[in-house]
Amino acid sequence: MSEPERKKQNPTDLQAHPGRLVAYYLLLFFFIFQTSMLLRELGANYDLQQFARIKEIIDTGFTFSMAFESLFETFFSLLLSFIFTLPVAWVYTLTKDEENFDSSLAQTVVVLAMVVTGVMVVISDVTARAFALAGVVAAVRFRNTLQDTKDAVYIFIAVAIGMGCGTRVYHITVWLSVIMSLTMYLLWKYKFGASLRRSAKALGKKDVQKIYAQTSGEALQHVERELGQQMRLMQWAQMRTDDVKGKKKANAALIVESSDAYTAIEQVDKVLDAYGGKWQLANITSDTPGRSTLEYVGRLPKETTPATLIDAIQQSSSPAIIEIKFRSLKGLKNPLDADKKSHDDGEDGN
Amino acid sequence: MEASNKLPSLQNPFNIPLNVGLAGGDLPARYFAAAVVLLLTIAAVPPLKFSYGSLKIFDLLASMSGTILLMAGLVFSQKTHYAGGMLILTALLMMWLSGREWSWPAMILGVLVLGWMLQNLLTKRCGINKLLGIDSCQT
Chain L
1 MSEPERKKQN
11 PTDLQAHPGR
21 LVAYYLLLFF
31 FIFQTSMLLR
41 ELGANYDLQQ
51 FARIKEIIDT
61 GFTFSMAFES
71 LFETFFSLLL
81 SFIFTLPVAW
91 VYTLTKDEEN
101 FDSSLAQTVV
111 VLAMVVTGVM
121 VVISDVTARA
131 FALAGVVAAV
141 RFRNTLQDTK
151 DAVYIFIAVA
161 IGMGCGTRVY
171 HITVWLSVIM
181 SLTMYLLWKY
191 KFGASLRRSA
201 KALGKKDVQK
211 IYAQTSGEAL
221 QHVERELGQQ
231 MRLMQWAQMR
241 TDDVKGKKKA
251 NAALIVESSD
261 AYTAIEQVDK
271 VLDAYGGKWQ
281 LANITSDTPG
291 RSTLEYVGRL
301 PKETTPATLI
311 DAIQQSSSPA
321 IIEIKFRSLK
331 GLKNPLDADK
341 KSHDDGEDGN
Chain H
1001 MEASNKLPSL
1011 QNPFNIPLNV
1021 GLAGGDLPAR
1031 YFAAAVVLLL
1041 TIAAVPPLKF
1051 SYGSLKIFDL
1061 LASMSGTILL
1071 MAGLVFSQKT
1081 HYAGGMLILT
1091 ALLMMWLSGR
1101 EWSWPAMILG
1111 VLVLGWMLQN
1121 LLTKRCGINK
1131 LLGIDSCQT
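Line by line, the protein sequences give chains L and H. Just so we're aligned: 215 in the working numbering is position 215 of the first sequence, and the numbers increase by one with no gaps anywhere. All you need for the working numbering is the position in the second sequence, starting with 1, plus 1000.
If you're looking for bench data, these hints aren't it; they were derived computationally from the structure. Just so you know, not all the hints are guaranteed correct.
FRET-style restraints, in silico, Cβ to Cβ [said to hold, decoys possible]: (1) H/Gly1127 to L/Asn45: 34 to 42 Å; (2) H/Leu1022 to L/Phe29: 25 to 33 Å; (3) L/Phe30 to H/Ser1051: 18 to 26 Å; (4) H/Gly1127 to L/Thr35: 28 to 36 Å; (5) L/Phe75 to H/Gly1127: 41 to 49 Å; (6) L/Phe33 to H/Ser1077: 20 to 28 Å; (7) H/Val1111 to L/Arg168: 25 to 33 Å; (8) L/Leu28 to H/Gly1099: 21 to 29 Å.
From a predicted model like this one, the values you see are computed outputs, not experimental measurements. A virtual CB, placed ideally from N, CA and C, is assigned to each residue, including glycine.
Could you build the full structure based on these sequences and the hints that come with them?
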């Protein structure tokens, strides 16, 4: 059974009878009233000159005008703090999606501002109290990791509003509340970060569509063939690395067009063996009769340039070799990985 | 069957079961309250000539302790409602009577309340507990 269900079935006394809390507070006020009566009676009946602190409590703690002034200030500040933070909490509930919404944080934002107001009222201008508060805060551990960075911003707004109300700069606090709520709302409404990213992506897609529209069918076939080949080579290079752990990834591909595949393989293998680099014949395709494409994948040795390699193969003067192409695979990402990433991003954006 | 179970208790309101025990601090609170009411009653005896100021202080202290007991009963799941309520009411009434210079009635009130409290303590049965649905014999 989950915790909320358990609590629902076995409520504590206070959960079952919330009116008791009201009764408790009524009794508390009654108790304070009795205390004031008692202290006044003590003051009237006994000479309290020796008990300066008790006398001070009687004189200042229960003076109606002073108590009313403090009471009014505290109530007014707390009320304004509550009112100013409500829209911030409302913006939070509005802008948070269902999965990440935390009702506790919404309540915390409102209550935190009131608490900070209370703290500021208590501290007022007394430096010693401020230091005492720092000590208390250091002693009490209440840190909590917030999942969303934006949640921390709401907490800071609540603290700022609380401090403003506590120090009675209501004119600043009200604008702080309005501007921050509006900013957070507008950023959410127009999906500030996401919209920038999406517009950049949309622009890229449009360009590709334009190019496609202007390209002839033959050219498109060529592009698709080239892309297919690149994907094939990348996958092969990846598989070669995965097969043997610690093996360096292939960084080059050699594409040889030949009229006689057997002879061409023999000639090319000789040259590649001579130059080193652990080349492997990855693929042989034959689209037209009497013409084959050999695809080699490997690592080009540091001291060898692509031109040297191609020259060496051409100098073997085999009539079987028609065309040689070198393709670097450096810095290219596996097309499948890129597809997967863009798919994930698309889901996030939605 | 349910109706027949309830009827006898409705017909006889004085049929109070044993409901005063140690659970929730009911019994100790009652002893404390009885002792305080006894002290207040003694203080209210006119020949002892306690001033009204002193009596007021005693009564207020008693009432304050009763308030704390009642608060404990309301919020902290204790069963000290009776002791708290009796202390508050008795102390405030005695203070009011003393303020009107009705010292004898104040003392008589104290004696009556003390008698009632002692009767409850001796029989371990309390009508107020029954009324409030409190049974301090069971935890």
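A quick look at each hint next to the structure:
1. H/Gly1127 to L/Asn45: 34 to 42 Å: 38 Å, holds
2. H/Leu1022 to L/Phe29: 25 to 33 Å: 31 Å, holds
3. L/Phe30 to H/Ser1051: 18 to 26 Å: The hint (18 to 26 Å, Cβ to Cβ) holds, given that L/Phe30 and H/Ser1051 are roughly 25 Å apart.
4. H/Gly1127 to L/Thr35: 28 to 36 Å: Given about 32 Å between the Cβ atoms, the range holds.
5. L/Phe75 to H/Gly1127: 41 to 49 Å: With a Cβ separation near 42 Å, L/Phe75 and H/Gly1127 satisfy 41 to 49 Å, so the hint holds.
6. L/Phe33 to H/Ser1077: 20 to 28 Å: 26 Å, holds
7. H/Val1111 to L/Arg168: 25 to 33 Å: 57 Å, violated
8. L/Leu28 to H/Gly1099: 21 to 29 Å: 25 Å, holds
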